[in-house]
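Whenever a hint applies, use it, and build me the whole structure from the sequences.
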Amino acid sequence: MIELKTPAEIEAMKPAGRFVGGILKELKAMTKVGTNLLEIDEFVAKRIADRKGAESCYVDYAPDFGTGPFAHYICISVNDAVLHGVPYDYSLKDGDLVSLDLAISVDGWVGDSAISFVVGKDADPEDLRLIKCTEDALVAGIAQAQPGNRLGDVSNAIGDVARSQGYPINLEFGGHGVGHIMHGDPHVANDGKARHGYRLRPGLVIAIEPWFLKTTDEIYQDPKDGWTLRSSDGSRGAHTEHTIAITDNGPVILTTRD
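The numbers in the UniProt record's numbering rise by one with no breaks, and the one at position 165 of the sequence shown is 165.
These are computed hints drawn from the structure, not numbers from a lab. Do not take every clue at face value.
[Claimed, not checked] Simulated restraints on C-beta separations:
hint, residue 1, residue 2, range
1, L4, D122, 42 to 52 Å
2, I181, V33, 35 to 45 Å
3, P223, K25, 26 to 36 Å
[Stated by the list, open to error] Each computed EDC-like pair below joins lysine to aspartate or glutamate, with the alpha-carbon atoms no more than 20 Å apart:
hint, residue 1, residue 2
4, K132, D217
5, K93, E126
6, K32, D89
7, K32, D107
8, K28, D124
Just so you know, these numbers come straight off a predicted model, no measurement behind them. All C-beta atoms, glycine included, are put in the ideal place defined by N, C-alpha and C.
Structure, rendered in structure tokens:
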């Protein structure tokens, strides 16, 4: 069921969004060559423990698309991994492409956001182009999240950016409604038909999350951890996400990293 929030409820969601956005900003600054993925997970765990009213949305989360309950505080996907990456004992190398996806509840309201970046100085220009494509697609999708538009307008705008840059599009996973729970209705696909689908209304809060792989739209679940989604051909992936609220005055980003 799609739920619409009141203006007061959208205000109540802002602390969670700012908290998530702030942590991602901190993590991008501190993540270097040699940083261990478990250190990142421990940092997030401590920040949640230190924040009154904050709870992880990931620990013990057990949806049907994972294998058993998730046991960490953040999803970290590296190189050919693009979604639902399980942190493990790995120290980042120069040129690794890292995607951090974080969802936290504060006082009962969820904020969900993701960023991708390359660590070190040896960044492949093609990795940077892929990351920029997800960022551009997110901006285009948010721009279409206007009252009176359709959900297909958001999806189509995301897909147009990917197509224009030659990236294939996977429709198995995408954005979603956000509120008291992390994953709610509606599903926000990363491609779709303009002027089709649910009519956007003030009070709708959704996560928009473009993610693309360099040379394929096919993924598989890593059998080692039962969660991490990797490209079928070993090509790299990138993922960018914001939680936004649709208001009478247009879309408002709740997970700002300013």
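Query raised in the report: Quick check: which numbered hints come out false for this structure?
Result: 7
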